[in-house]
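**Q** Counting the sequence shown from 1 gives a position; this note's numbering is that position plus 4.
Misleading hints may appear alongside valid ones.
[Claimed, not checked] Label-pair restraints from in silico Cβ distances: (1) Lys87 x Lys35: 33 to 41 Å; (2) Asp214 x Pro170: 36 to 44 Å; (3) Pro198 x Glu157: 21 to 29 Å; (4) Lys112 x Gln137: 16 to 24 Å; (5) Ala145 x Ala123: 28 to 36 Å; (6) Glu121 x Asp160: 37 to 45 Å; (7) Glu95 x Asp58: 15 to 23 Å; (8) Gly79 x Ser205: 18 to 26 Å; (9) Asp107 x Lys207: 29 to 37 Å; (10) Thr169 x Ala123: 36 to 44 Å.
What the hints contain is simulated information worked out from the structure, not anything from laboratory work.
Every residue gets a Cβ at the ideal spot worked out from N, C-alpha and C, and that includes glycine.
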Amino acid sequence: MPSSGAFFASSWSGGKDGCFARWVSSQSGAKPACLLTMLKEGEQRTSAHGLHQDVLQAQADCLGTPIIFGSAGFGGYEQGLKKALATAIDEYSVSHLAFGDIDLDAHKDWYDRILEETAIQTCYPLWHYDRKQLLKDMFSAGQETMIVSVKNESLDQSFLGQILTPSLADEIEAKGICPTGEEGDFHSLVINGPDFKQPLSVKKADIWQDDWGHSVLELSPA
5 MPSSGAFFAS
15 SWSGGKDGCF
25 ARWVSSQSGA
35 KPACLLTMLK
45 EGEQRTSAHG
55 LHQDVLQAQA
65 DCLGTPIIFG
75 SAGFGGYEQG
85 LKKALATAID
95 EYSVSHLAFG
105 DIDLDAHKDW
115 YDRILEETAI
125 QTCYPLWHYD
135 RKQLLKDMFS
145 AGQETMIVSV
155 KNESLDQSFL
165 GQILTPSLAD
175 EIEAKGICPT
185 GEEGDFHSLV
195 INGPDFKQPL
205 SVKKADIWQD
215 DWGHSVLELS
225 PA
């Protein structure tokens, strides 16, 4: 957890875990300075969620927080991330980068190694948070989340565009899928929450297929 008064950036995909980690950190007294999103090189989309840069910019505007967009191609992620982090330090005096990871050790170890070579410390406000309790706390805090991508072998396209509610989480769990999506079975976009200045409005368009077996709902700012 960032220390009270520290300026922190949030590792940002637009999804529920990173957004809630930002909220939890700010509740401890740390100061959210900016969001940091890595895009695919030559494109204006995130890799995992397939979200367009315009949607993430609109989301950042709803939060009243600046967003830094880095980019990286195959094999160049570390260099691209470090460049974006240098911007966060120079422009926003950031000392920590907050992640929404819960219990994936390999992911945590990888980022810890990368950031050891920078002036920024990693922090994981949701680390070892009970998954079911995490969802309950998100709902209680008023975080509103839309499902925007599903793994085809796990969930069908009918889940795309739905708001994650307790009843929908139960439906997902009944299919043998973790309702938090921590195994990558679905990805999300937060459209409202306790730290939003106003809700994010989006327009839904076509569904397309990414290169990793996911159906992705095309969105744009409304």
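**Q** For the range 33 to 41 Å, tell me whether the beta carbons of lysine 87 and lysine 35 fit it or not.
**A** violated, 23 Å
**Q** Glutamate 121 and aspartate 160, beta-carbon distance inside 37 to 45 Å?
**A** holds, 43 Å
**Q** Holds or violated: 16 to 24 Å for the Cβ distance of lysine 112 and glutamine 137?
**A** holds, 20 Å
**Q** For the hint 36 to 44 Å, verify it against the beta carbon of aspartate 214 and that of proline 170.
**A** Since the Cβ atoms of aspartate 214 and proline 170 sit about 28 Å apart, the hinted range of 36 to 44 Å is violated.
**Q** Take a look at whether the Cβ-Cβ distance between glutamate 95 and aspartate 58 falls inside 15 to 23 Å.
**A** holds, 21 Å
**Q** Look at the Cβ atoms of aspartate 107 and lysine 207 and judge whether their distance stays inside 29 to 37 Å.
**A** Hint holds: Cβ distance 35 Å, inside 29 to 37 Å.
**Q** Cβ-Cβ distance between threonine 169 and alanine 123: within 36 to 44 Å?
**A** holds, 41 Å
**Q** At the C-beta level, are glycine 79 and serine 205 separated by a distance inside 18 to 26 Å?
**A** Distance hint for glycine 79, serine 205 is violated at roughly 37 Å.
**Q** Does the hinted range 21 to 29 Å hold for proline 198 and glutamate 157 at CB?
**A** Given a distance of about 34 Å, which is not inside 21 to 29 Å, the answer is violated.
**Q** Within 28 to 36 Å or not, the Cβ separation of alanine 145 and alanine 123?
**A** The hint (28 to 36 Å, Cβ to Cβ) holds, given that alanine 145 and alanine 123 are roughly 31 Å apart.
Hint violations for this structure: numbers 1, 2, 3 and 8, all remaining hints satisfied.
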